[in-house]
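Colleague: With chain A's structure known, arrange chain B on it following the hints.
Each chain, letter by letter, is given below.
Protein chains: 2
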Amino acid sequence: MHLFYQPDPKLFELDEEEARHSYKVLRLGSGDIIHVTNGRGLLQKCILNVQGRKVGYEVVESVLMERRSFAVHIAVAPTRKAERNEWMVEKMTEIGVERIDFLITEHTNPETINRVVNLSRLNRIAASAMKQSQQYYLPVITVNNKYEPFIKSATEAVKLMAYVPDQNKVEHVFSKVKKDSSTSLLIGPEGDFSEKEVALALEYGFTTVSLGPTRLRTETAAVTGCHAINLAQII
Amino acid sequence: MHLFYQPDPKLFELDEEEARHSYKVLRLGSGDIIHVTNGRGLLQKCILNVQGRKVGYEVVESVLMERRSFAVHIAVAPTRKAERNEWMVEKMTEIGVERIDFLITEHTNPETINRVVNLSRLNRIAASAMKQSQQYYLPVITVNNKYEPFIKSATEAVKLMAYVPDQNKVEHVFSKVKKDSSTSLLIGPEGDFSEKEVALALEYGFTTVSLGPTRLRTETAAVTGCHAINLAQII
Numbered sequence: 001m002h003l004f005y006q007p008d009p010k011l012f013e014l015d016e017e018e019a020r021h022s023y024k025v026l027r028l029g030s031g032d033i034i035h036v037t038n039g040r041g042l043l044q045k046c047i048l049n050v051q052g053r054k055v056g057y058e059v060v061e062s063v064l065m066e067r068r069s070f071a072v073h074i075a076v077a078p079t080r081k082a083e084r085n086e087w088m089v090e091k092m093t094e095i096g097v098e099r100i101d102f103l104i105t106e107h108t109n110p111e112t113i114n115r116v117v118n119l120s121r122l123n124r125i126a127a128s129a130m131k132q133s134q135q136y137y138l139p140v141i142t143v144n145n146k147y148e149p150f151i152k153s154a155t156e157a158v159k160l161m162a163y164v165p166d167q168n169k170v171e172h173v174f175s176k177v178k179k180d181s182s183t184s185l186l187i188g189p190e191g192d193f194s195e196k197e198v199a200l201a202l203e204y205g206f207t208t209v210s211l212g213p214t215r216l217r218t219e220t221a222a223v224t225g226c227h228a229i230n231l232a233q234i235i
Numbered sequence: 001m002h003l004f005y006q007p008d009p010k011l012f013e014l015d016e017e018e019a020r021h022s023y024k025v026l027r028l029g030s031g032d033i034i035h036v037t038n039g040r041g042l043l044q045k046c047i048l049n050v051q052g053r054k055v056g057y058e059v060v061e062s063v064l065m066e067r068r069s070f071a072v073h074i075a076v077a078p079t080r081k082a083e084r085n086e087w088m089v090e091k092m093t094e095i096g097v098e099r100i101d102f103l104i105t106e107h108t109n110p111e112t113i114n115r116v117v118n119l120s121r122l123n124r125i126a127a128s129a130m131k132q133s134q135q136y137y138l139p140v141i142t143v144n145n146k147y148e149p150f151i152k153s154a155t156e157a158v159k160l161m162a163y164v165p166d167q168n169k170v171e172h173v174f175s176k177v178k179k180d181s182s183t184s185l186l187i188g189p190e191g192d193f194s195e196k197e198v199a200l201a202l203e204y205g206f207t208t209v210s211l212g213p214t215r216l217r218t219e220t221a222a223v224t225g226c227h228a229i230n231l232a233q234i235i
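Chains as they are written, first to last, in UniProt numbering: chain A, 1 to 235; chain B, 1 to 235.
Next comes chain A alone, as it looks inside the complex:
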């Protein structure tokens, strides 16, 4: 199934990049069948109508796909390299994630944030990963979330924070997930969360969890944490 992304279902036309992919890479033409999603659950089966560089389509079938019965929200401090943040977004989207919120934490270097987190680029990467993995809902991605207000306004059923102080045993994230509920998982920067940040999260109903026995880079923690939550929901 060739899946394309068009956020505006009233246009009946692929945007320039999607259009070029359809005729240049996939060599599709008028009369061919494609599927189009708006990233908000709509899945449409369409017949192409190609006129030069304009790729229009006629919708022959339209379905609103249901959301999953659980939501995965990952809140993560950005890493210092743009490509690692991009990998993180791509991989979490492939695996399945409803929200990705970039957090500004005490140990996050504020000067790098705008340099390494380009929201429109991340949204394009997520759209690409959504199509690749044949999903129909785009994750919501937000940036520049100040830690304290973010913690205080968290409403998920299960609120978790990846944090393992020396010598303490904490449970693995996998064991804390409640089926068919929403889970929030906080991933700290390379320098970890500060004691003050941990205390605030605990005060507001977060539980600390482990992501496994090895020390993971921030982006690996986000992806494996996201994966562990997804696994716990489906196993």
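One or more hints might be untrue.
Since the list gives no way to pick one copy over another, a pair counts as held whenever it fits inside one copy or between any two copies.
[What the hints assert, rightly or not] Below, in silico cross-link-like pairs of lysine-lysine (DSS-like), each with a Cα-Cα straight-line distance of 27 Å or less:
no., residue 1, residue 2
1, Lys169, Lys81
2, Lys45, Lys179
3, Lys169, Lys179
4, Lys24, Lys196
5, Lys176, Lys81
6, Lys81, Lys179
7, Lys10, Lys176
8, Lys179, Lys54
9, Lys178, Lys24
10, Lys196, Lys54
11, Lys81, Lys24
12, Lys196, Lys176
13, Lys45, Lys178
14, Lys152, Lys179
15, Lys24, Lys10
16, Lys176, Lys152
The hints are simulated quantities; they were obtained by calculation from the structure and are not laboratory data.
Modeller: Below, chain B without anything else, positioned relative to chain A:
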């Protein structure tokens, strides 16, 4: 703990790159404590002796760390982009993997293999990830494994192949893992395994498994498959 890699424990000296990292980045000098591993389980606590650009050390404590009670072996067709293969090796090493074998499958483009799989570069990336994640065993990485002999010589306790033919329900890799045993997981190329390849694997004791409900890129499948096996061993 500052962990360095020196494969030859008889040298008592860091190689050029490790040396530069110690004095330039970490600003360590004579008298400072570092830890050194040989990637084969040896963990040594050492006192630095820096003379110009030569960073030697004296070993004050030496421990041979035990291997884990289970082994994770991932055999994967290389993706077409070098950086994705590198990302895959880095992430699997962080999470925990004993072997990574690159497979030549029917749908793998043979011309790209040497271009996108540089073994010495992959070994350097694995060594870096090993140190980063505070582990002491390097994964064994091999390339150019022809599919048929590889399948026929597989000796792991549990042999799995990520393959989900349309309409069939297969179990998730997580449910097939046996605690404290070795697991082999085969990950196919973007064009998937051929029917002939699947038949051969089944004939030689492999079981097909799912890696979850979404369609994953090869490198994402390898990393999440590796993670799922690790999780199943520790939960």
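Colleague: May I ask which of the numbered hints given earlier this structure violates, with the numbers listed in increasing order?
Modeller: 1, 2, 4, 5, 6, 7, 8, 9, 10 and 13
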